[in-house]
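A.B. asks: Since the structure of chain C is provided, determine the placement of chain B on it from the hints.
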Amino acid sequence: MSRSFTRRDFLSGSLGVGAAGALHTALGPVPSLARSGSGAKAPTAATAGKGAASKSHKSTPERTLVLCTLYGGNDGLNTVVPYESSAYRSLRGGVAIGEDQAQPIGTVDNFKLGLHPALVGMKGLWDAGQVAIVLGVGYPNPNYSHFQSMEIMMSADPTGDLPSGWIGRWLDASGASPTRALSVGSQLPQVFAGMSQQGSTLADSTNPGTQQPDGDPYFISSFSECEHTYHREPGLQAAIAQTGTDLLVVGAKAASALTSQKPPNAVSPNDPGDIGNQLDVVAELIKAGLPTKAYGVSESSFDTHAGELEAQAELLSQLDAGVTNFMGAFPSGYRGLSPVIVMFSEFGRRPESNASGGTDHGSANIVIVVGPSVKGGFYGDMQSLTRLDDLGNFRYTTDIRRVYATVLAEIMGVDPKDFVGPFAPLGFLG
Amino acid sequence: MTTGTTRSVIAHLYRRAGFGATQDEIDAAVKLGFDGAVDQLLAGLSAKDAAGDALPLPRLTPLAQSAIPGFTYNDYEEFIALSTWWIDRMIVTDTPLREKLTLLMHEQFPTSYAKVGYADLMYNQNQIFRTLGPGPFDVLTQAVSADPAMLIWLDTGTDLKAHPNENFARELMERFTMGIGNYSEQDVREAARAFTGWSLDYFSGEFFFNPYDHDNREKRYLGHTGRFQGQDIINIATHTTASSRWVVSRFWSWLAYPVTPDDPVVLELAPGYKKDLNMTNLLEAILRHPRFVSTQALNGLIKQPIEFLVGTLRLLGLTTQAYEQGSLIYLLANLGQQPFVPFNVGGWGQNQYWLSTSASNSQLALAWAVAQYADLAEVADLKGNPGAQVAAVTKMLAVEAWSNRTYQALWKLADKGNPQELLVLALVSPEYLMN
Numbered sequence: 034m035s036r037s038f039t040r041r042d043f044l045s046g047s048l049g050v051g052a053a054g055a056l057h058t059a060l061g062p063v064p065s066l067a068r069s070g071s072g073a074k075a076p077t078a079a080t081a082g083k084g085a086a087s088k089s090h091k092s093t094p095e096r097t098l099v100l101c102t103l104y105g106g107n108d109g110l111n112t113v114v115p116y117e118s119s120a121y122r123s124l125r126g127g128v129a130i131g132e133d134q135a136q137p138i139g140t141v142d143n144f145k146l147g148l149h150p151a152l153v154g155m156k157g158l159w160d161a162g163q164v165a166i167v168l169g170v171g172y173p174n175p176n177y178s179h180f181q182s183m184e185i186m187m188s189a190d191p192t193g194d195l196p197s198g199w200i201g202r203w204l205d206a207s208g209a210s211p212t213r214a215l216s217v218g219s220q221l222p223q224v225f226a227g228m229s230q231q232g233s234t235l236a237d238s239t240n241p242g243t244q245q246p247d248g249d250p251y252f253i254s255s256f257s258e259c260e261h262t263y264h265r266e267p268g269l270q271a272a273i274a275q276t277g278t279d280l281l282v283v284g285a286k287a288a289s290a291l292t293s294q295k296p297p298n299a300v301s302p303n304d305p306g307d308i309g310n311q312l313d314v315v316a317e318l319i320k321a322g323l324p325t326k327a328y329g330v331s332e333s334s335f336d337t338h339a340g341e342l343e344a345q346a347e348l349l350s351q352l353d354a355g356v357t358n359f360m361g362a363f364p365s366g367y368r369g370l371s372p373v374i375v376m377f378s379e380f381g382r383r384p385e386s387n388a389s390g391g392t393d394h395g396s397a398n399i400v401i402v403v404g405p406s407v408k409g410g411f412y413g414d415m416q417s418l419t420r421l422d423d424l425g426n427f428r429y430t431t432d433i434r435r436v437y438a439t440v441l442a443e444i445m446g447v448d449p450k451d452f453v454g455p456f457a458p459l460g461f462l463g
Numbered sequence: 014m015t016t017g018t019t020r021s022v023i024a025h026l027y028r029r030a031g032f033g034a035t036q037d038e039i040d041a042a043v044k045l046g047f048d049g050a051v052d053q054l055l056a057g058l059s060a061k062d063a064a065g066d067a068l069p070l071p072r073l074t075p076l077a078q079s080a081i082p083g084f085t086y087n088d089y090e091e092f093i094a095l096s097t098w099w100i101d102r103m104i105v106t107d108t109p110l111r112e113k114l115t116l117l118m119h120e121q122f123p124t125s126y127a128k129v130g131y132a133d134l135m136y137n138q139n140q141i142f143r144t145l146g147p148g149p150f151d152v153l154t155q156a157v158s159a160d161p162a163m164l165i166w167l168d169t170g171t172d173l174k175a176h177p178n179e180n181f182a183r184e185l186m187e188r189f190t191m192g193i194g195n196y197s198e199q200d201v202r203e204a205a206r207a208f209t210g211w212s213l214d215y216f217s218g219e220f221f222f223n224p225y226d227h228d229n230r231e232k233r234y235l236g237h238t239g240r241f242q243g244q245d246i247i248n249i250a251t252h253t254t255a256s257s258r259w260v261v262s263r264f265w266s267w268l269a270y271p272v273t274p275d276d277p278v279v280l281e282l283a284p285g286y287k288k289d290l291n292m293t294n295l296l297e298a299i300l301r302h303p304r305f306v307s308t309q310a311l312n313g314l315i316k317q318p319i320e321f322l323v324g325t326l327r328l329l330g331l332t333t334q335a336y337e338q339g340s341l342i343y344l345l346a347n348l349g350q351q352p353f354v355p356f357n358v359g360g361w362g363q364n365q366y367w368l369s370t371s372a373s374n375s376q377l378a379l380a381w382a383v384a385q386y387a388d389l390a391e392v393a394d395l396k397g398n399p400g401a402q403v404a405a406v407t408k409m410l411a412v413e414a415w416s417n418r419t420y421q422a423l424w425k426l427a428d429k430g431n432p433q434e435l436l437v438l439a440l441v442s443p444e445y446l447m448n
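Line by line, the protein sequences give chains C and B. For the first sequence, the residue numbers in the numbering used here are 34 to 463. For the second sequence, the residue numbers in the numbering used here are 14 to 448.
Looking at chain C on its own, in the form it has when it is part of the complex:
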């Protein structure tokens, strides 16, 4: 199954990244602002692990990665909020989360931190010790383009030159199979593209019929014949054929795992693939025991240059519902299955708000990790709110490649340095 794709296409065409502008001004229902009790106990802040995985590259087959990409640049500062900080209030002015709205979860480096009020379900998971929050995550020489910063985050290469994704390189090394990594949606994100292997994609629907090619058995066998690449077939044409061949494999596996008789999700331009639907598909596949080690889901429209408070609350509310519902399907120890959701964005937002009630492109951000086998708590160091860089952006404290190293070591069970370089894993997966 070796391929002859030219990966340059991933760079020359803008891959499915970023969402400048897809913020919906239509007012949805205001998420319920149920606040947690004031004295919620916070797990002890864990310190960044050093070299934890180098001693044991154990294979942990029960763990599965669910990579959740928040396109557009989610505002981490308003997601995990230093709600008592006067520096925060002066930077954010009218785009700050109210002190009485944040849900307190603990103190790091003298900052009292609280979750965004829409993250009600995740607050419960935090209290259960199943949420890790990595603070100050970034990379050297931050890039402020949605597209280039997402390429950097997905390739784990701060120069942005590597055309493969960090998971794609793991696919290159782990053998040919189109079901090792599955992303929900019509376009494959760069993170799942390797040099010789790549992940596959699934429809945003739990209806098995939507995952398989339609047609009588004889038609399908003709389709299969038509999608066999031949010797010296031109590169792009061969790539089309290979994708059709992969569809037959992936579609059959996915369809046998899915059970819902729900009709396919209706598409409207204001509902481009709900995060909850995507996570429903992933939950069913994990439960069915597919040999998939990495899944991809995404939510768009986090590019809140204007009207941020309302827009982000709506988006985080959808995310919270999706994640909480998903985790409800995997009570601790459920058949030995332990999915790990890792949520990230291309960048965080500018510390100082603009006059449009929004925030512009920034740098260091948070990564949130959720799952029954996650060691809850804070990782990395809180970025300074006062010692900003020359452009008025945060200085990062924790390299994103440490997050990836943790995942590679503890979920894929491999030596991370072969894929992202020599970065010490953090301890959020024990």
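FYI, nobody ran anything at the bench for these hints, they're computed from the structure. Owing to the predicted nature of the structure, the values given are computational and were not obtained by experimental measurement. All clues stand as given, with none of them false.
Listed next, the stretches of chain B that the computed footprint assigns to chain C, with coverage defined by at least 3 CB atoms under 8 Å from CB atoms of chain C: (1) 182-196; (2) 335-349; (3) 360-372; (4) 413-421; (5) 426-435; (6) 439-447.
Straight-line C-alpha distance at most 25 Å; calculated DMTMM-like pairs for lysine to aspartate or glutamate: (7) B/K174 with C/D423; (8) B/K429 with C/E258; (9) C/K145 with C/E385; (10) B/K288 with B/D52; (11) B/K408 with C/E266; (12) B/K174 with C/D422; (13) B/K61 with B/D37; (14) B/K396 with C/D247; (15) B/K396 with C/D249; (16) B/K425 with C/E258; (17) B/K288 with B/E120; (18) C/K450 with C/D194; (19) C/K326 with C/D190; (20) B/K429 with C/D247; (21) B/K425 with C/D247; (22) C/K145 with C/E343; (23) B/K425 with C/D249; (24) B/K408 with C/E258; (25) B/K174 with C/E385; (26) C/K408 with C/D448; (27) C/K450 with C/E95; (28) B/K408 with B/E391; (29) B/K174 with C/E343; (30) B/K408 with B/E38; (31) B/K174 with B/E198; (32) B/K288 with B/D151; (33) B/K408 with B/D40; (34) C/K145 with C/D422; (35) C/K145 with C/D160; (36) B/K174 with B/D245; (37) B/K288 with B/D275; (38) B/K425 with B/D388; (39) C/K145 with C/D133; (40) B/K396 with C/E258.
Note that the Cβ used here is the ideal one computed from N, Cα and C, for glycine as well.
C.D. replies: Below, chain B alone, put in the same frame as chain C:
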């Protein structure tokens, strides 16, 4: 460098500079020769599109009649009607290069109904692409930038002097005019200051400039200093060398094969474009370039979903009117390319971007849907003669040649299956999906 017969390069020309040609149209164009066919396509950039203009425009509610500031209007029926109107216009047009240019300008200035929320504003922007697209790129960029759809899409209409948002200023440089790496973060901030005071009057539905919200102080931008207004920023950006390379690389990539702004063919064409920024001249330079008919170009692009749908309906003599309202738009959305709904301000990618297992499945679903109203009587009449049936479908789709693999699969299906299945398999064959 040129490969293939005159026939095959003319078919290639029509697929790239339009939405493909029927067998009869190719026959006619072969008599003109390649250069004559290019002349004819270019003439369409300034000619009247009688067939396109004759399509009835759906009823679209103007912003001024529907606006409640801060709320989107979201008339989904109007939006679907507009989407199918454009697809049909691409199919029936007498001036295919102009409609192709309109689509490519939508990709150059990706703007989404998902945020803009008014079908009428998307239509107005679409008309700007159609009418100003063939002219100077700076004039087009000025018009698109001050048009209400863009003011909403990238928040320009909310800019205030106090602390402008940078959304439009950044994407203007990164995506619309110059490409990344040719400006600094300071340039983004200075440009954002120049766009303060730009606003949208929701009651008239028009752009207006509010001098009280405008930062009239000096700006330092791309090496220039002055009390720049938004128009100055656009003017400076579109006339840079970087912009000439970016714009040329984009159009070369869409029409021939993907290149970066430092590709030799771009460096060769950019100086000519930079003289007057005239898009008609640039399109001519690309279509007449020897590398436009090179093997690299002939094998260089996969059909985008919109190109697949428009081209196929055209070949089959159909428009969207034959289908349930909105059904084909739904199938395009599943493929990730809904007209008026680019994924984001980066627009859509190329080639590998369109290849994934779920997209392959959606492609098949679209082929089944399209085939249900195809007139296949001629193919059915040839029952019992699989070779003749395959030949009939091949002619219908104006395919030059099949690989042995695909021909075998088609022949066997013709022998056992029905004409509709035969058409569908041809439509999803790797050969047909190439552009």
